[in-house]
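Counting in the working numbering, the sequence shown runs from 48 upward without gaps.
Since the hints were derived computationally from the structure, they do not count as laboratory data.
Remember, it's a predicted structure, so these values are computed and weren't measured experimentally.
Every residue gets a Cβ at the ideal spot worked out from N, C-alpha and C, and that includes glycine.
Treat the hints with care, since some could be wrong.
With a cut-off of at most 25 angstroms between alpha-carbon atoms, the simulated DMTMM-like pairs for lysine to aspartate or glutamate come out as follows [claimed, not checked]:
no., residue 1, residue 2
1, 242, 458
2, 242, 231
3, 242, 105
4, 242, 469
5, 242, 75
6, 242, 414
7, 242, 354
8, 242, 207
9, 242, 194
10, 242, 253
11, 242, 82
12, 242, 391
13, 242, 336
Here are the computed distance ranges between Cβ atoms for each label pair [claimed, not checked]:
no., residue 1, residue 2, range
14, 84, 328, 19 to 29 angstroms
15, 474, 411, 46 to 56 angstroms
16, 169, 416, 22 to 32 angstroms
17, 459, 109, 16 to 26 angstroms
18, 134, 59, 44 to 54 angstroms
19, 49, 76, 21 to 31 angstroms
20, 84, 170, 26 to 36 angstroms
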Amino acid sequence: MSVRYVSTRGGVEPVGLSAAIAAGLAPDGGLYVPESMPRIEPPPRSGYLAGTALRMLEPFFEGDPLAADLPAICADAFAYPAPRRELRIDGAHLLELFHGPTAAFKDFGARFLAACLGRLRRDAERPLTILVATSGDTGAAVGAAFEGAPGMRVAILYPDNRVSPRQAHQLGSFGDNVRALRVEGSFDDCQRLVKGALGNASLQAEVPMSSANSISLGRLLPQMAYFGHASLHAGGRMNTIVPTGNLGNAVACLWAREMGLPIGDVTFACNANDTLPEFFAGMPYRARDAIPTIANAMDVGAPSNFERLIHLFGGDEATRRGGHAESVDDAEIRTIIRRHAASDGEVFCPHTATGMRVFERRRLAGDRRDWTIAATAHPAKFDTIVEPLIGRRVEVPEALEAMLAREATAEPMAADARLFAEWLRAW
Numbered sequence: 048m049s050v051r052y053v054s055t056r057g058g059v060e061p062v063g064l065s066a067a068i069a070a071g072l073a074p075d076g077g078l079y080v081p082e083s084m085p086r087i088e089p090p091p092r093s094g095y096l097a098g099t100a101l102r103m104l105e106p107f108f109e110g111d112p113l114a115a116d117l118p119a120i121c122a123d124a125f126a127y128p129a130p131r132r133e134l135r136i137d138g139a140h141l142l143e144l145f146h147g148p149t150a151a152f153k154d155f156g157a158r159f160l161a162a163c164l165g166r167l168r169r170d171a172e173r174p175l176t177i178l179v180a181t182s183g184d185t186g187a188a189v190g191a192a193f194e195g196a197p198g199m200r201v202a203i204l205y206p207d208n209r210v211s212p213r214q215a216h217q218l219g220s221f222g223d224n225v226r227a228l229r230v231e232g233s234f235d236d237c238q239r240l241v242k243g244a245l246g247n248a249s250l251q252a253e254v255p256m257s258s259a260n261s262i263s264l265g266r267l268l269p270q271m272a273y274f275g276h277a278s279l280h281a282g283g284r285m286n287t288i289v290p291t292g293n294l295g296n297a298v299a300c301l302w303a304r305e306m307g308l309p310i311g312d313v314t315f316a317c318n319a320n321d322t323l324p325e326f327f328a329g330m331p332y333r334a335r336d337a338i339p340t341i342a343n344a345m346d347v348g349a350p351s352n353f354e355r356l357i358h359l360f361g362g363d364e365a366t367r368r369g370g371h372a373e374s375v376d377d378a379e380i381r382t383i384i385r386r387h388a389a390s391d392g393e394v395f396c397p398h399t400a401t402g403m404r405v406f407e408r409r410r411l412a413g414d415r416r417d418w419t420i421a422a423t424a425h426p427a428k429f430d431t432i433v434e435p436l437i438g439r440r441v442e443v444p445e446a447l448e449a450m451l452a453r454e455a456t457a458e459p460m461a462a463d464a465r466l467f468a469e470w471l472r473a474w
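Whenever a hint applies, use it, and build me the whole structure from the sequences.
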């Protein structure tokens, strides 16, 4: 029986997967989630991430027009590895998610979404405009995935002066059908502009739009695959620490566990933006403006996927029992990067460093279990932060080096919904 998808706010009728992916945001402003989470027997341990992804995602696509294309979609999206390797720190493993074209975990979901929408829009008369708010990594992944795609345009919105120089260069390096907007404000301002445009029915009628943020099912579903794949190789239930900003990657890990994959405890490692740590400590959920940190891709004060988190567990208290979140400040991030580079030769990006700090706290508290830390980006993307701390150059991956060699440009944009709507209409 095919899975149907409902809004976290309960205000719309269930829809099929293709409709949910095409829409991005539900008409009532909520996020699409499976009406009931499919459960599977853990697939056989395989060396091929694309094969595991196919087995995990088949139940979500059953009965949908995209089902026949799923093997090809998985082959395209999971064309590079996500190795889980043991560190020289007792009980610590790193899940490396940065081997894609833009050196960040977002590459998997962005390529998967592009492959889905390319097939859904094959015969469309008007182009589809993909909106993406980014705190650093999402926009580049989406730009790379959709660049040159027929019938598609991408508008990348990022907070001006709040991403690393190399991230900013990536975001503006595409041209063609991809345009970058540097917004006067925070990531949350960018996210508000995107959500406002997607929820504007009259604007949608003039400019067909969808989202490529993790509010999109087409981004979030494939992110389950690398957690599931790694857990099959962990030799038991894989306890996982996920660096967390907008909560998409963390929810994907929890969904993989809910499906029946051997994933144990899941902890969210946050930076100084402590919306989630406060909530898990028992305080009411309180969205707030993001504050800038050196782990900028996690600078989120109002995580969109919080609605999916509450929906998964069924309420605030049940959610607090099902997860855990901790804050790591900039001073601790710097200490982790500096100390590990000196002691064991491991160089972490600022986001992965938050996960390593949470692992160390676990050890200090007497937790002797194995933990897998999601390494969300390559440290070379944050050279201006990492290199002064470790006292040497970080080698740049070949794909990232090629992107940095391109010319880059971005247009200024006020955090004003009316002006953004006018810009979209004029494109």
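What hint numbers does the structure not satisfy? Structure breaks hints 3, 6, 12, 16, 17.
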